[in-house]
Structure formats: structure tokens, C-alpha cells
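**Student:** Mind docking chains B and C on chain A? Use the hints.
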Amino acid sequence: MKSPKKSKGITNSNLLLIITIVVFFAMYIGAMIFQGKGFLKPQTFLNILNANAALIITSCGMSIVMITGGIDISVGGVAALVSMCCAVYLDFHDGNVFGAVLIALGIGLAFGLVQGFLVAYLGIQPFIVSLAGMFFARGMTTIVNTNPFNVANEAFVALKNTRVVVPGLGVVNKIGKYVDAYVEIGVVVALLLVVILFCVLRWTKPGRNFYAVGGNQQSALMLGINVKRTKFLAHLLCGLLAGIGGFVYFMHVGSGSASHASGMEMNAIASSIIGGTMLTGGVGNIIGTLFGVLSLSTIQNIVSSAGLDQAWWTGITVAAMLCLFLVIQSVIMNRKKKIKRIK
Amino acid sequence: MENKAVKNTGKSRDWGKLFGKQIFIPIAALLLLAIFNLVTDPSFYKITLGFNSAGNPVLSGYLVTILDYGSELAILAIGMTLVTAASGGQDISVGATIAIAGSVILRILCGTNSRPDTLQAPIIVAFLVACVAAMLCGAFNGILVAYFKIQPMVATLILFTAGRSIAAWINNNELPIISDPTFSYFGGFIPGIPIPMPFFIAVACMIVIALVLKFTNLRLYIQSVGINESSARLNGLNPAFIKFLTFVILGLCVAVAGLIKVSRLSSINYSVIAKDIEMDAILAVALGGNALSGGKFNMTASILGAYVIQFLTTTLYKFNVQSDALSAYKAVVVIALVVFSAPIVREKMSALGKKIKGQSHAKGVA
Amino acid sequence: MEDRTVLEMRNIHKSFPGVRALQAVDFTLCEGEIHALMGENGAGKSTLIKVLTGVYGKDEGKIFLKGDEKEAVIHSPQDAQKLGISTVYQEITLCPNLTVAENMFIGRTKGPFTKWGQMNKEADKILQSLDIPARATQQLSSCSIAIQQMVAIARAVDMECKVLILDEPTSSLDEQEVQKLFGLMRDLKAKGVGIIFVTHFLEQVYEVCDKITVLRDGKLVGEYEIKDLPRVKLVAKMLGKELDDMADIRGEQDTYDAKGAAPVFEAEGLESDAGIQPFNFHINKGEVNGFVGLLGSGRSESVRAIFGADHVLAGKVKMNGKEIKISKPLDAMKNGIAYLPEDRKADGIVGDLSVRENIILAAQVLKGFFKPFSRAEAEKFADEYIKLLDIKTASADTPIKSLSGGNQQKVILARCLLAHPEYLILDEPTRGIDIGTKVDIQKLVLKLASEGMSVTFISSETDEMLRTCSRLIVMRDRKMVGELTSEDLTQSKIMSTIAGGDKE
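These protein sequence lines are chains A, B and C, in that order. For the first sequence, position 238 matches number 237 in numbering that gives the first Met the number 0, and the numbering has no gaps at all. For the second sequence, position 84 matches number 83 in numbering that gives the first Met the number 0, and the numbering has no gaps at all. For the third sequence, position 357 matches number 356 in numbering that gives the first Met the number 0, and the numbering has no gaps at all.
In short, the hints are calculated from the structure, not lab data. A portion of the hints provided could be inaccurate.
The following label-pair restraints were derived from C-beta to C-beta distances [as the list claims (entries may be wrong)]:
(1) PRO111/C / SER292/B: 32 to 38 Å
(2) GLY367/C / VAL131/B: 24 to 30 Å
(3) TYR44/B / SER303/A: 50 to 56 Å
With a cut-off of at most 16 Å between alpha-carbon atoms, the simulated EDC-like pairs for lysine to aspartate or glutamate come out as follows [to be verified]:
(4) LYS188/C / ASP157/C
(5) LYS321/C / GLU267/C
(6) LYS188/C / GLU159/C
(7) LYS295/B / ASP396/C
(8) LYS213/B / GLU376/C
(9) LYS317/C / GLU270/C
(10) LYS295/B / ASP351/C
(11) LYS317/C / ASP330/C
(12) LYS120/C / ASP157/C
Just so we're clear, the structure is a prediction, and the values are computed from it rather than from any experiment. Every residue, glycine too, gets a C-beta built ideally from N, C-alpha and C.
Isolated chain A, as found in the complex (with noise of 0.2 Å):
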């Protein structure tokens, strides 16, 4: 009989989540040494993760999204018909803060139960649905509001401008005072849904149906899932997270227009890419994703930093990013299939 098999083979969820945390420390660290000075302060860290909460968010729904096989365009445009609603509520209709919240997880709520209507139980292709998705939020974004406006809603504004301080990272400046290390309340909401979606993926029935159905959605029905309601109900949350990821983008930015978080939806694939979840579906993580939305906002922070300071860098590096990756990912499968039919 033949031994176990002891194979501490690294699997390829392993693999590509080990080549991502390598990716972003090997940046980062590079940064360190090459461009000194503004990545040695850990405030430079931290408003990394302040410019990037909402990212985080919808990045993680993005993920769990593409575990189950499928694909969500529409989060940035949730995100800008998010911060327009909740900005036009707040302004001039003299809203206040916690119906502001209920707007973005109501709008949340609505495009992902329609989107995943769609998906699942009409079985229409996900790009297409969430592509339209991503055209009606923008469309409708501009219809609630035209111009863009700053929100002038004291309570908000109190909120926006609130500042969670981090013990032990303040550093002196210049003149000798000490400054405290802060994050945004965003990056705290960001955090722990970090952790909580963690939990969910890792420990709950609905959790682990995602991966089951995004690994071979036939096997997962023969295993006794619903693989609908498990579709339906990863779209559902993907755009619950693009709603409260729209209110923290709002928080962050204190505005709203219709050319808000305009490409989010471009960076939340390419974190969850980075971030080694598989666009085939069924591998993923959301440890993997909080790094892949550090990774890339990193290198956009070295380009910008480096001098390289026009605009259109940032899409080109991010675009180059995510075909490193893909192609990365397409080798990476297309080798398992070899091997398996050598076999």
C-alpha cells in the first residue's frame, strides 16, 4: 500500500496569497530604502489605509464574488450613486447621519438583489448584468445630481472629520511636537469587516457554499448545495459591500459627484486578482484581498512619489499589475491541466 501522501505541496491558494504578501513587503520595503524619507513614517502606512478603506470594502465583496465564479462591475458606480444620494439627502433635505447609512446600505441592498436575481436564477452572465449595473448607478448618479458639491452637514462633517488615534505611532516633527498617528473612522469599519467577512468565508456553512459552488458548481449540487441561493446571495453581499464601501468612500471624501470612485470597480478585480483569488472561481481570501489593495496602492503611492506624478501612471501601473497577475493565474492553471492529463 502506498504511503500517505505527504505532500506539503503548496496549494495554489497558498501560492498565489505567499506571492502577493512577498509582493507588497518587497515593495514596500524597496520603498523604504529607494525613496526614504515619506515611507519611513507610519502615518505615510496609514494614510495609505485611509485613502483606500472604501477600496478594501468593496474589494472584499468583489472577492467573495469571484470565490463563487462570477463578477461584479457595477461596485464603483454603487459607490458614486452612494455618496450623491447621501450627499443630496444630507444638504438639501437637511437628512441626518444614521438615515445617510440606511441610504447606502439600502442602495447597497438593491442593486445586489437585482444583480443577483439576474445571475442566479435567470442565469444571464454576470458581466453583462453588472456592466448595465455599472451604467444605470452612473447614469442615475448624475440624474439625483448634477454638479458635484461639498457637504456642509455639521454632524457629518464632525463624523468625516473624526480621527481614531493609533497608540505608539506618533512620531516628532520638526519642530519638536509630538504628532499622534491616526486612521479615519472608515479604516476601523474597513478592518473589521476584514475580519468578520474573514470569519464568514472561513467558518460558516453559507462561507464555505462559495467556495464549493465557485470549485465545480455541477459537483457542488451533486454535494447537496443550493447553488443558486449560494450565487444569489454572494451577489447580494457584494453589493450590500459596495453600499457601505460608498459611504466610507463618502466619509473619506465629504462630497458627492458623479465621477466619484470612477475605476473603483477596476481596483477592487485587480486587489482581489493581486490578492490571489481566482477569476475561475473557488480560490480566494480576504486576507489575500486586504494585501492586494496594499500592494497596489502602495506602488501608486511610489509612482506619484517618485515624480511620475501624471495621472494616467496610476491606470497604466494598475492595469500592468492585473496582467501580471492574470497571466500569472492563466499559466498557473494551464500547468495543473498539463500535468493531469500527463497523468
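**Tutor:** Frame of chain A; chains B and C shown alone:
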């Protein structure tokens, strides 16, 4: 009495035939829009002959606008139809690659100076270079889709994001302006001809694709690959190469559309040029009754679909809908289209139809 | 009725549009019994199993389970699972991206949370008790196919099944892995589980099974104790020929004279990635030969390797004495080889295209991209072959998918012929089509050969092969095991060669 009954069934069969034809969908949509406009404001159809600032005769009116501005879309629909048929997916980077192609044209024409008094190179050279650039973009997408087997929409997402940035980078983020009037002919009017030039370019493209489809096996090959890849391979075709080829052809279409777009302005705005046009192009293919999952295609229906989309856009503009808000309305049309063409929905509807028919039959017998 | 019966199926009927898949089939399974379900392709094995597991509803008939007087109600795979009927399919129906333990428990645990510790412990316990060499925390895709198959069985066993169905679980396993699986099956048998075992490998049947039920053409042939049914008899039952009347039915047409004819196609040490052993092969001008063997014996894979349809790993091929290279189907086509694939729907027809386009496809590809046939030419070809092969279609413009199976096959045949090949490969051209068409196709094959074409003809029905072929290559377990010519071409000789081992 009997005669009448026979006639009736004959008529309904004719209707059924027309209804079953693929081209029925865009025609019906066109009629619907036409009637809507006729009812709300007949002046929609007024065409006037006037003179533009240069003193040349030009036709103006909503219909002319549709023919004029629908040109780029019709040209793109040609390539998008082929890509859809072969790969079962769509290219969402066309808007961004139009920006690249346009930027290349301006770069060649302007040289290093962004406000040249004279053209630095013949327009044809600039156009050819743009063709190469756009076809390279297409080839990039094609390689990812055909050889790396990445879903078309995700693969094209890369250029969708980076395209406009690359376009800006090509011209160092400057906004070149061409003052030479001949350059504006491609997106405007040639002196003496009152019909807009883009229309002629679109017609030329249609003639080219018609000739290609007639004198080569492109249609047969693409359809075979789109319908049954495995069978196509066993009959000696190379499915990966054919998919790749469709993306390159789409690249060529993009270059032509890019020429028209930059010629209209004699300049470029990287973030706005051809914005959301990918959506319109996909919509044109879907409206033409072509399955977005690939397979058989009907080029005429796609092109007609493109003009219907432009008809819709123009109608919405007439009702003072803002250009940024247009996409919301179109998204609703897309969703309605895909929902009605979803197999599950079709099955349910045909079952329902049979039920109703069965009931009426039963009643008739009774 | 004995007390030990765990499953009884009585008078099962099932029809699909145009096909009566099952007619009055009975099946009985006892506790602690390994029961082989045998039959050639289309015999109704998988239909019977799918009826039992609730994938298909039955038209007529009753199913009884042990300890229940009433009829068992099975509408879905979930129902079957609840009643203690577990199935392990040929293709692994587990999720490769999850761990072994998860695959064993997902979809059937209670409560909203996954308790990893408890789950892994239980999984390890089961794996150990069944002697499966895998760890609970291992990712499934890192296990060999055999282990994956066993994990699927472990999952089934843990659901306290009374009936375990193994649907061709061994087709992708090697000898060692098969032995491991058999050990597991014997353990389960000792524990009183009734096992239904579907396989194409005769040796395996005689190794582990107690009883055999044979189906043919959707009808029950009989149930036999393993010791009462020697191999040759089993093959005879499956193919529908009693040993007694296996007279030589050949001899109506002239025997082909192999002498003097030049080989058209030769292959030496040909090997593809589809898992066949390297083989040598040749065919002469005007010859009709065939590959025989049970399904899964490698007969299709052999011709696919010849045509370049699978990835060719090694071997030399010659056409008319000249060495050529065939790495893709187009190479073979250019050298005058045409191929009609086994799976008409997946590899043959281009469903939405018209009959005419389907007919001209191969010839058109050969002619070249820039030289399309004119409409008139295409119509002429289509009409010619529609008439020649008597294809029943409303018009040449009808989409091929709306034709009947036999007519679709004729269209594909027309496609092959229009390419004017020197060497024609027909893989199961007569499967799933009506008798009339079958005879037409056989006649056509002989006519083509008499005109000088070389034909390789594969069919599951040996008498068809005997009627058409002058030389048969026998395949077993993906190996070429023999070649039969002239006086050896009899049913009995074929069967004994297929059965192999001379262990009667």
C-alpha cells in the same frame, strides 16, 4: 367563410415568419422609436439644407444627426459582432482604444509641437500608424483571450482601465489642436457635399465587410468556432487563431472610428472621447438579435442595431436628457434585452404561450 | 422475496423522445453483495441508475427499499441520499479546491458553522477505518484521482447508505489504485452494504462481483451468479449473440485480397496524451479494417491519435510510403484523411449552421480561406450528397440540429466524403440511428472501398464489423491485443479475444 379562414392563417404564418427572423428585432425597435417621435413631435423628421460657417451646403436635422453620429457605432458594431460570435464575449476596451488610436493620429500629425500650423505628416500615414496601434491593442486582447483563455470581458478590462492613460501618455498629456481644415473633413463635411462624411466612411466599412464576408470564409469559420469549437478543430480550423483574428479586426474598426472621433473635434479629450461607447456597441450587437454567448451572427441586423441605438440617443437628447444620464436609460434597455433572451425566460414564455394557445384551442373546439 | 434484499426495482419503464431507454427492467440487490450491472453503450445502465438516484423520473414501475412496505419516493438526488442510496460517479463530483474533510461533510452538516476541529477528527477516523491514505486537512486536488474517488466513497459510506452505486469508478485508475478500491468495496460488503458496480472492464467484474445483471437495448437480459457465467458467455449476452448461433455470417462479399495492395497509411509506435499504449497500425488501399473492443478499450483514442485529434506524443506516420507529420487535424485532412467523430453532438455537428454549411465545412477549410465555394457550387454539393445519402431534411438551409440523429450522421458523413479522402475513419457511425440508416452506411462503406478508398470502421455492434471489415484490430484496456483476419473473423473468436485471458 372558408376562404377567409384560409387567408387568415396564411397571413398569420407570414407574420410568424417575419417575427422569427432575426432582423425583426431592430426593425421593430426602430419603428417603435420612429412612431414615438412622430406622435410626440413630427418636427423630429424635418431636414433643412443650410450653409455652415465656411459657406458650404450642409443638411441638418435630427435624422442627419443620427446618420452622422451613428457612423462610429456602426463601424464598431461590425467588429464587435465578429468578436462576440467567435469568442462568446465582448470587448469592453473599444472606447479606450479609440482614445489611443485618436491620440496616435494627433501625435503623428502634430509631431512635437502641439499646435502646428501645418501637418507634420500626411493624414494617411497618421491613419495607418493608428491602425497598427489599434490592431496591436486588439492583438493584445486577442492573445489574452485566445491563448491564455481569460474571459474576454476580463481580459479587455485591462485596456479598458489603462487605455485612456496610455492615450494621454502618447501625447504627453497635452491637447493637440489641428488647424488644417482638411483634417476636419473626416468628421464633418467635404465642401460641396451636404451629407456628413462619417456616413460615407461607415458605408465604405460596410461595403468592405460585405465583400470580405462574400469573398472569404470568415463567416463560416467564425460561426463554426463560436457554435462548436471542438467540431471546428476537428474540421481543420484553428479556433484560437480565429478568435485572435476577430479581435484584430475589431482593432481595425476601432482605428477608423478613432479617426472620425478626433476629426470631429480636430482635437482630443482623453477622458471623454468615445465615453461609454463600448456599452452602445454591445447593445447594438444584442439589439441585432445576436446571441451574446456567441455563434451565428447577422451583420446587417447589428449595423441596423447601431443606428437604432443612435436613434434612441438622439431622441433622449431631444428630451433634454443629459449625456451623462443617458447610460442609465440604456442600461435598462440592455437588461430588458438580456432578460428576454435568457433561455430560462424564453422557456417560461413559450410554455405560457402554449398554455394560452392550448386554452384558445380548447375553447375553439368546444 | 428473501429477507436480505435491500433494493428491488420492478418493471421499470423510461422513454425519451424517440427512444425507449428502459423497458420492463427488474433489478434486485441484496445486503452484502457486489452486483455488476453490465451492458454495452446504450443498453440502459446509466438510465437505470439515474432513475434510481432521482436524476430522471420513471414512466412506470416501482422501487422498494428494505424495511419499507411502501414504494420509495425518489424525485431528486437529495431524496435518494436521504433514503440511503449513495452514488459515486465516473467523474469526481467533489470540489477540488476544498479539503478532504470538507468534501466529506459539506452540504450535510447541521448548524450554521463549520467546526473544523471536530470535522477533521471525524474525517480522519473514517479515512482510517476505511484505510484510505489521505489526511483530512489535505486539499482534494493534491490527492490522486483514486484517492479522490475513495473520498467520494467515504462520503457516501458515512451517510450510512444501504445501497452504494459505483458508476464506472475505475475508468481513470491504474491497477494498484483499482486494487485499493476493491479492498474498500470488500470491506463495505462485509459490513452489509449492497453495492451496484458499473464497469466496462470484464476482469474487474470477475474479481470482485457476486452477481451480474445484463441489460441490452433497454431490456433485461438476465441476472446471473458470477460462477454460472463465464466471460465469453457474458460478452455474448452483452452483444446479443448466443454462443450456439454464432455461426460465421460473413462470406457474402468477396474477401479482400491483402496481397499486392500498397499500404496507404502506416503508423509506428503512435502514442497520444489520451492514455493509450503506443501502437502500430497500417491500412492498405481499398481495405476496410476496424478496431474492436468494449467501450473504453481505447478504440476511439487510437483513431483520434491517427487523425491528430488528441495531442500526439510519439510515433511515426507514413502516407503512401512517405513520412508525414500530423500534429493537428488539418495536417491529417491535407494528407487525405477524413474522420467522423464518435460523439456526434459534441464533436461532429455545428448545431446552428445549416445542412449545407455543415456539408461543405471540411472541403471548404481544405480549399482555403480566400476561396469560398460560390453559392451555386455549395448548393450543388449539398443537393448532390443529400440525394446520394438520402438525407431527409426540409431543405439544405435547415439547421442541422433540427434533423434526426441518423440524418445528422449522414450529413457528417457527407462532409467527410466531400473532402474526397483517400483514407476515411468512421468512429461509431451507426450509433443511435435507425436500422435502415445503419444498413445504408455499411453498404456505402463497402462501395467506397471497392472504389479504392481505405476505410477504418468502428462499431459497438460486432456483426456490423464482421459484415464490413476484412481485418479487425482488437483492443483491450487501452492496448492492442490482437489482429484477426480471414478465417478468424467470427463472433466467437472476437469475443474470446476481447474477453482475453482464456480463463473460461
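**Student:** Can you name, in rising order, the numbers of the hints this structure does not satisfy?
**Tutor:** none
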